[in-house]
Amino acid sequence: MDFFGDEEEYNTNVLAIIQRNHELVPGALCPAASATSSPSPRRRHRRRRSISMAGAMDLPAKGGFSFDLCRRNAMLAEKGLKMPGFRKTGTTIVGLVFQDGVVLGADTRATEGPIVADKNCEKIHYMAPNIYCCGAGTAADTEAVTDMVSSQLQLHRYATGRESRVVTALTLLKSHLFSYQGHVSAALVLGGVDVTGPHLHTVYPHGSTDTLPFATMGSGSLAAMSVFESKYKEGLTREEGIQLVSDAICAGIFNDLGSGSNVDVCVITKGKTEYLRNHQLPNPRTYVSSKGYSFTKGQTEVLSTKITQLEPKVEVAEGDAMEE
Amino acid sequence: MGDSQYSFSLTTFSPSGKLVQIEHALTAVGSGQTSLGIKAANGVVIATEKKLPSILVDETSVQKIQTLTPNIGVVYSGMGPDFRVLVRKSRKQAQQYYRLYKETIPVTQLVRETAAVMQEFTQSGGVRPFGVSLLIAGYDDNGPQLYQVDPSGSYFSWKASAMGKNVSNAKTFLEKRYTEDMELDDAIHTTILTLKEGYLVFLICCFCLIPLFQSNLIEF
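So the sequences go chain by chain: A and B. full-length UniProt numbering numbers the first residue of the first sequence as 1 and each following residue consecutively. full-length UniProt numbering numbers the first residue of the second sequence as 1 and each following residue consecutively.
FYI, nobody ran anything at the bench for these hints, they're computed from the structure. Do not rely on the hints blindly, as some may be mistaken.
To be verified - Ranges between beta-carbon positions, derived for each pair: (1) A:143 x B:54: 48 to 54 Å; (2) A:243 x B:192: 31 to 37 Å; (3) B:109 x A:143: 42 to 48 Å; (4) B:112 x A:243: 49 to 55 Å; (5) A:143 x B:104: 48 to 54 Å.
From a predicted model like this one, the values you see are computed outputs, not experimental measurements. Cβ coordinates follow ideal geometry from the N, Cα and C atoms, glycine included.
Just chain B, same shape as in the assembly (with noise of 0.2 Å):
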């Protein structure tokens, strides 16, 4: 097709009507470890495989799963350094919401405000898309949202959802295992049977998010 000649610059779109960078960074997104969230009635749980390159890493310093505010944790695929910056962001616009408002933020605006953030990438001179994409998790007075944002700053809320290697595998065993008055510790059994069903697992972080906005980041 056409589109390769249109394929290195970002703000330009190929005659089909794609920008072609920002399939590119889904792709990056594509290659990155698993990770996966699941909606549960009462909590959200996310979780993603921590895979080490080498023994001698000090994994204590890895961290793939992040708190943005006491209420609303992210998990990654693709590139780690894009996810830091962004979760800089993010938590900087929860203090901002907060201090305007007075207000904890509210999942969906979190959500909305990161996407806008990644979505002013892909509309820049000068800069390249995120490579990666998010599965936020939160609990506030609407109950338990999983929201998952993409590289080109699209987001959408799922019951469940994964990301990364082996997705499609790892969406077909959700979809029969999901149900939908599942408790959060089913959930967190089938969060971890999802992953394992991948290949060789070796870490597993998973984050989940009970009511009264507790938070647990368990390792394992």
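Just chain A, with the same shape it has in the complex (with noise of 0.2 Å):
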């Protein structure tokens, strides 16, 4: 997508200003960056700073949001330049690899356009005892894919007698996707470790994957990836990678609208796997009547009173209790 490339000559100082807001909404979603151009963004970050030197504004201390922008970007959308969609997938789901294996996250809530659906989902997925999946994208479609990946690896292990290999997960699952073009919407983080090792992939809804020693999929993404690139090494141990794998996740819950509630956690180690189902829940939901809804007599104004008697229409014959 190099909308940004061709127009170099269009206005550097426009550039610059939509590029800036794009830096300052926090969990900015990419113009059409998705899966097919995923190392290019943040490249692209680099490039759109060195142009922006000339129209500097002062960008807010701390995160936030700053309205300073939004009149110049209605003036825009009536120039007739086009503000980015939102992408529909709304989760935040992360994995990666530490010393002892992989550690694999995902937020809870499941939504339908703008309302929540599933306020504590379960995004992690069963694949086999050494394997877990999480899904971004349609609920059905990710449901059902893990599903049906989850069985026919069951049945090759029967086969095999041997315990399944993430790569044997990952080649079941990009084959089907690839065989739906794309209309089977599920984006996958698939972690696992087997014999060869612990290994992290991340699937695509066209059925392209990525090896990665740390990843992040959903609207979410953004929000996590920059956690997981500031603060990731090579070699962390248990606690720390579970630390960075729950503040990854907090950063989308927070700051994306399609993720939120809790934290799910799941640890793929050597023989041992633990899913902790929400380690995190930073979002308590406090009920704040507990009394319930009762409402007494006479908090309802009456306006009007009418009274209509009813024609007796049937005739009350005495008759036996039971009788039919």
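Make the complex out of the two chains shown on their own, each in a separate frame, by following the hints.
Structure, rendered in structure tokens:
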């Protein structure tokens, strides 16, 4: 997507402002910078900064939303500049490799457009005793695809008599997704430990995969990735790994609308898997009224009263209690 | 009898009302290696003799007892290759059941589906019946269960049963030894004794299922 590249001559100041706007909005969504160009967004940021030296504006000291550019954005929208759309995968899912294995993390909010459909759903799916998979995208698609591959892996285990390998799960997933040409909207972070060691992969809805030491997917992926990029190092201990994953998910929860509620973590090591459901609950739900919603008489003002006598339609004849 | 004229076609009844091919399949089973199973009060055990054609055969590559699910196992008497095909089909059916109902398949359901497969092969064109009888042992919510499935597709629930060579001796022995409130250890002991009754036994495979859906495969 060379939108910025081709239009360099357009107006460098305008470009600088749009770019700065993206940097300001926490958990910003890259315009169409989805799977296909995942390495470039980070590089693009660096390029943008060098261009924007000219009309520099003061950035707010610490995160937060600056309303300075709203009028400018409105003016640009009038001029016909298309604002970037929202990615539909409302989730933050992450994974990282630490010294003994893999840690996977996910938020627990399921959304239906702007409405939270499930405040505490499970996004980390079981694939095999040593392989788990986080799913972003359409919930039904991720559930169905992970169930199906989990079933296939079980049959494979029976046939071979061996523990399943992560690459097997990976290949089964990617072939299925590719054959559906991206219509199965499932973006997955697959992690596990097998005889060949710990593995972490990302799978995109069209069927491409990446193998990475740390990965994030979903609408909160940029927020989470910023945490990983700054704090990840090789040879993390278990506690450090869990802490880093929780921090990344929390970044997604607090900065992305599509992610929220709690943090689920899954730690997979050689021979042992721990699924820490609701490892952190940073959004406790407090029910204000424990008494319930009962209204005492007199709280509602009666404006008018009209009583209608109903004609007696049914004759009640004396009979036995249980007579039909 | 006029049966012999009808013995070659699977899908033709003989005048005496039998499907002679299935009778022949049962004969094939009857000449296979002995296998037996006992249902105890707290578990099930199935066992078979693992007789190899020569000492040069790698015995770890021969698997006469297989798991279909973590709490259901199966042993056979008869033709090994037919057994492998049935095991594969049964495992797939167990997985399909799980994907449909999100419940681990109960023993009776799996037995029924396996028996249905075996029956299909007695009513289709161009195929022959399976030359195996299966003993399916499982432990689920209804407790320990033992079923025998025949090439015809009929299945029976047994408290104790034997198949293959020497079946009459084995069954008589089991009838004498079996008690309703047998514990699993007793059952294993009885199984081994029954197998040894037959003849010189080289290798025995034993498979037992106990509560908590654990299964153990022992070979000695």
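Verification of the hints:
Taking 48 to 54 Å as the suggested C-beta distance range, the pair residue 143 of chain A and residue 54 of chain B conforms, at roughly 51 Å. Checking the proposed 31 to 37 Å range against residue 243 of chain A and residue 192 of chain B shows it is violated: the Cβ atoms sit about 55 Å from each other. Checked against the hint of 42 to 48 Å, the C-beta distance between residue 109 of chain B and residue 143 of chain A comes to roughly 24 Å, which is inconsistent with it. Separated by about 51 Å at the C-beta atoms, residue 112 of chain B and residue 243 of chain A satisfy the suggested range of 49 to 55 Å.
Look at residue 143 of chain A against residue 104 of chain B: about 19 Å separates their beta carbons, and that is not inside 48 to 54 Å.
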